[in-house]
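Number of protein chains: 2
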Amino acid sequence: MAERLVVIGGDAAGMAAASQARRLKGPGELAITAFERGHFTSYSACGIPYWVGGKVDGPAALIARTPEEHRARTIDLRMRTEVTELDLERGRVRARALDDGGRESWTDFDKLVLATGARPLRPPLPGIEARGVHGVQTLDDGRALIDTLTASPGRRAVVIGAGYIGVEMAEALVHRDYAVTVLDRGEQPMSTLDPDMGARVHAAMCGLGIETVRRAVVTAVLTDDEGRARAVATEDAEYPADVVVLGMGVRPETALAEAAGLPLGESGGLLTDLSMRVRGRENVWAGGDCVEVLDLVAGHTRHLPLGTHANKHGQVIGANVAGGYATFPGVVGTAVSKVCDLEIARTGLLEHQARAVGLEFVTVTIESTHHAGYYPKARPMHVKMLAERRTGRLLGVQIVGREGAGKRVDIAAVALTAGMTVEQMIMLDLGYAPPFSPVWDPVLVAARKATAAVRAAGV
Amino acid sequence: MAERLVVIGGDAAGMAAASQARRLKGPGELAITAFERGHFTSYSACGIPYWVGGKVDGPAALIARTPEEHRARTIDLRMRTEVTELDLERGRVRARALDDGGRESWTDFDKLVLATGARPLRPPLPGIEARGVHGVQTLDDGRALIDTLTASPGRRAVVIGAGYIGVEMAEALVHRDYAVTVLDRGEQPMSTLDPDMGARVHAAMCGLGIETVRRAVVTAVLTDDEGRARAVATEDAEYPADVVVLGMGVRPETALAEAAGLPLGESGGLLTDLSMRVRGRENVWAGGDCVEVLDLVAGHTRHLPLGTHANKHGQVIGANVAGGYATFPGVVGTAVSKVCDLEIARTGLLEHQARAVGLEFVTVTIESTHHAGYYPKARPMHVKMLAERRTGRLLGVQIVGREGAGKRVDIAAVALTAGMTVEQMIMLDLGYAPPFSPVWDPVLVAARKATAAVRAAGV
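Chains A and B, in that order, are what the protein sequence lines are. Residue numbering for the first sequence follows the working numbering, beginning at 10 and increasing consecutively. Residue numbering for the second sequence follows the working numbering, beginning at 10 and increasing consecutively.
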């Protein structure tokens, strides 16, 4: 009899695992059943802001592989079916068909993959569950938001939270002719950057006409007689809103795993080993937005939900459940995003993250241009670099600039992975030609300055 | 008395060395004399094609620091002065003032820096020294070429050689409304790439209206009665030309060093140690286009003249002559260039280079897009990857694509420096967001395919 694999969650991690396992083992050896609670599989949630903003025709364009395509590859995919219980002892899961009167049934497994994703943070405030308040974590979320936008006669939006999703959504709403207010608790928007770099993003948001309220503590979503959101209240003011978007981040969707006694980290994310096997379990794997990943620079696990990690997790899990061998070594914390023509990137640790794990460091910030200053359209590019005191080891890089700035962060991402010092980085043989870079790439200029700062700091 | 430093050559390596030394030691400790045979100092020769093509206002924009600026920093700079002899035994150089009736004089030194650069290859063919035949190695060369272009009534240009300088010059001449023919000995233009990748560049050149003649063996430059170039002859045909540009590469300008008995490599480039000190000499340093550099992937030194290396050499030399400490570890062979909107990049070894040093390897080529396929204006991007047989160590990457493709090569440049395997590269935490990259960066897609190829090749 074929071994039985059950996958919970039909997006990147789950379906990449299923697909990779199927590539390695045919249906005679491995029977694969996958459960997805929503209407879509294998999609790019990262594309939702561009769908909402009208840059991309959604949802079809955002789907890498449809349910039909998965089924054609002999994956028994149960759409609109929510798993409600894990019975690890007997090796079975209970699932409920959402469109079929809630009919429940048990499915047995030999091996289990948890890819249950994450859900937008909803602080327990009055009105937070009102109609017109939207997260943007799944394609179903995206569709619901677009339905609200289409139906709404008003054109005022409030985005709560100015992390990268909040900022991207704010821009998308501007493109839909909304007057947008972003309410954020921090000193500066773009909490994925240190405040000094976030200030540059703030300037770009103002340029788009986005009102950004900093140090804002949201106290309630106010509703109208029909229970629809009509405004967001903070400790200081009230902001009228025809639609409210939640951009306060997400938390791992691990209620099922918790109920089954599986190990969770501080964030609530599942803990796995390097093969993405749930710690202490022989036949349970987990990946994607529901797990914590090892941060190789910070030296601990944390919740860092990104599609690029989820896809890698899926590939690793698929190889391992099919009897192959692969590992996910961890992350260095790379992220890029865009506001208007401003490119925003970071990798490694921010200042507060470095301090939190006991690292002492120097920081430098340089201004350069993304290509030779004399070549047409040279635009400024700012690079901030953190290096460990004494050792000079690279700890993090943040970049804010225009075209050609964002992916520069990959240089630092690879250098972090390799454990390079900033002094080693000075001599990196990076691509140079006037349309691509100044003769000293801005990352190298930062490395030179950081090297000097490490020396100046002494022992 | 102050120590006496003499620098020969006023471009990147020489003046970076002088400037860095001056930063570390004042004129009371170190007297610096620098000789430059041309009219310019510290300029970007890489910018010449953009000056010729009208994208950049030359020569001023291409000059990082003028002679006056150097003199203001207490560097005794002798412009239009050619060093004609090195007397290493007595520690002095003989120099001739080119604009002063050829007056010669000796200058004593305690420490010497050779930064004599390179000169365009001119095979010993009839007519190769004719008027109207131009190299493009120095700003003086660039000015002479522009004078010829301005004076010429005709609009036909022949470029000999289709390396990156030849290709960039061909495009520049198209922008000046020249009908351009490129004659090249190879199978495909862009000899810095393998022929299969060079073919993609060939297509782009055709799109610009550039006629590219491959497997062309040039036999002579034909001249008119006044000794001006009028055509270029190959074994098969004659190509009329109002101007001829040499793009066959350069060779190190080391006649002085050779006459003084300094050690040269196979290319004629000076051999140095890791501190850029000329091998076997206590008080002589060399850097820039006149030296061979250690190719960390090939495991031997070779001539790889690039402004980015020259600047680094200068910084290292400046630190060392001033009693500091710095080393240049070597290069991995990174280069980027542009034809029209096509970005062309390589790092590490080509197939023939890998074979020449005894490496066995697998190659893969993938097609992807530079950003998410569904995001507007996604353009194709091709990545070729070489990995060592058995070990899977990365040996080289070549990229041809549009906007955002070229600098991707830096990922591979850092991975090469760190000695990563292609399997390690699969899990690199690179920046991902739809406007920047597909969820699997094209470099990672290539690494996946290369990993599979290494496994398939077995032991």
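The hints are simulated quantities; they were obtained by calculation from the structure and are not laboratory data. A few of these clues could be false.
Which copy? The list can't say, so a pair holds if one copy fits it or any two copies do.
Only pairs whose alpha carbons sit at most 30 Å apart, straight line, appear in this in silico BS3-like list of lysine-lysine [as the list claims (entries may be wrong)]:
no.	residue 1	residue 2
1	386	64
2	458	386
3	458	34
4	64	34
5	386	34
Everything numeric in this text was worked out from a predicted model, so none of it was measured.
- Task: State the violated hints by number, sorted upward, taking the hints as numbered earlier in the document.
- Result: 4, 5
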